[in-house]
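Colleague: Sequence:
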Amino acid sequence: NHTIRGAMYPGCAQFYGPFYLGMSEISTAVLCILANFDEPPAGVTGLADAYPITKVTVGAIFVTLFIICRCIIWPMCSYYFIRDCNWTFENKTHAMLTPSRGRWIRGLQWCLSGLSILQVAWLGQIFLLGKAELVKMGWIEE
1371 NHTIRGAMYP
1381 GCAQFYGPFY
1391 LGMSEISTAV
1401 LCILANFDEP
1411 PAGVTGLADA
1421 YPITKVTVGA
1431 IFVTLFIICR
1441 CIIWPMCSYY
1451 FIRDCNWTFE
1461 NKTHAMLTPS
1471 RGRWIRGLQW
1481 CLSGLSILQV
1491 AWLGQIFLLG
1501 KAELVKMGWI
1511 EE
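So the sequence shown is numbered by this note's numbering: it starts at 1371 and just counts up by one.
One thing to keep in mind: the hints can contain errors.
Unchecked claim - The following label-pair restraints were derived from C-beta to C-beta distances:
| id | residue 1 | residue 2 | range |
| --- | --- | --- | --- |
| 1 | G1500 | M1446 | 22 to 30 Å |
| 2 | E1511 | R1476 | 48 to 56 Å |
| 3 | M1393 | R1453 | 16 to 24 Å |
| 4 | L1417 | L1498 | 20 to 28 Å |
| 5 | G1477 | P1410 | 32 to 40 Å |
Unchecked claim - Simulated pairs of lysine to aspartate or glutamate, EDC-like, Cα-Cα distance not exceeding 20 Å:
| id | residue 1 | residue 2 |
| --- | --- | --- |
| 6 | K1501 | D1408 |
| 7 | K1506 | E1409 |
| 8 | K1501 | E1512 |
| 9 | K1501 | E1409 |
| 10 | K1501 | D1419 |
| 11 | K1501 | E1511 |
| 12 | K1506 | D1419 |
Calculated directly from the structure, the hints in this document are not laboratory data.
Source: prediction; values computed, not measured.
Glycine is no exception: its CB is placed at the ideal position from the N, C-alpha and C atoms.
Assemble the whole structure, with the sequences as input and the hints as a guide.
Modeller: What follows is the structure, given as structure tokens:
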């Protein structure tokens, strides 16, 4: 909640908000669909057994979107966001840099750093789970 409020704080990060709070979540929407193929309580009983090809297809779409949104576009947006933040701090006479905005900008930089580390961890988890699923289905050997 505080990160969203900070991102919408006037003069802080509105240009980057649509990506970080919207477009980057496209893969998450597909992940929600994929979760239906899990066992209960998260998923639907027997759905994965009834539609194994659909499960793999939705999984492949999720992985593709995750790589595009979170591994390719995310670092580029992050680079420009951090660059713009640093420019703001270097130009201390900038009219938009008030003490309150400065704290929000630093906070957003720290949040972005933490989320960027999580992207790498999640990518590793995706590949490990994907491999385990493909081995379980007999599509690849361990």
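Colleague: For each hint given before, does the structure comply? Return the numbers of the non-compliant ones in rising order.
Modeller: none
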